[in-house]
Amino acid sequence: QVQLVESGGGLVQAGGSLRLSCAASGFMFSRYAVGWYRQAPGKERDLVAHITSAGSRNYVDSVKGRFAISRDNAKNTVSLQMNSLKPEDTAVYYCNAAVTGNSPYWGQGTQVPVSS
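Quick note on numbering: the sequence shown equals residues 38 to 153 in my numbering.
No wet-lab data here; the hints were simulated from the structure. Keep in mind it's a predicted model, so treat the numbers as computed, not measured. We put the beta carbon where it would ideally sit given N, CA and C, even for glycine. Any given hint could turn out to be false.
Claimed, not checked - Ranges between beta-carbon positions, derived for each pair: (1) Gly79 - Ser121: 21 to 29 angstroms; (2) Ala111 - Pro78: 32 to 40 angstroms; (3) Lys101 - Pro124: 12 to 20 angstroms.
Given only the sequences and the hints, what does the whole structure look like? Please build it.
Okay, here's the thing in structure tokens:
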């Protein structure tokens with residue numbers, strides 16, 4: 038059974054930090070590109086950070102220099118270190134795993150409210 042389980046969300050003050058984690062199971066994690074998406078109230082779900090199976094990273098401009106994505110293929114986990122959080126980072130954060138030819142997998146999401 039395929040599972041992506043996010044953890045680490047919670048209320049944080051502006052300027053603070055959080056580390057989100059996503060534990061994967063039920064598929065060959067190391068072969069998948071993994072991304073963190075977020076969805077703010079009333080808005081679409083957007084990509085925040087992405088890491089390929091080879092370890093290449095990409096970030097949306099609004100989080101560059103503040104967020105860092107990493108993966109541990111031995112533990113089947115992907116993390117998102119979020120620093121200098123802003124109220125506009127408030128959203129539900131989702132973990133996503135994708136590989137060419139297959140439908141992507143999604144986690145259930147974890148809430149990150151950032152207070153001003």
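Each hint tested on the structure:
no. : hint                                : verdict
1   : Gly79 - Ser121: 21 to 29 angstroms  : holds (24 angstroms)
2   : Ala111 - Pro78: 32 to 40 angstroms  : holds (36 angstroms)
3   : Lys101 - Pro124: 12 to 20 angstroms : holds (18 angstroms)
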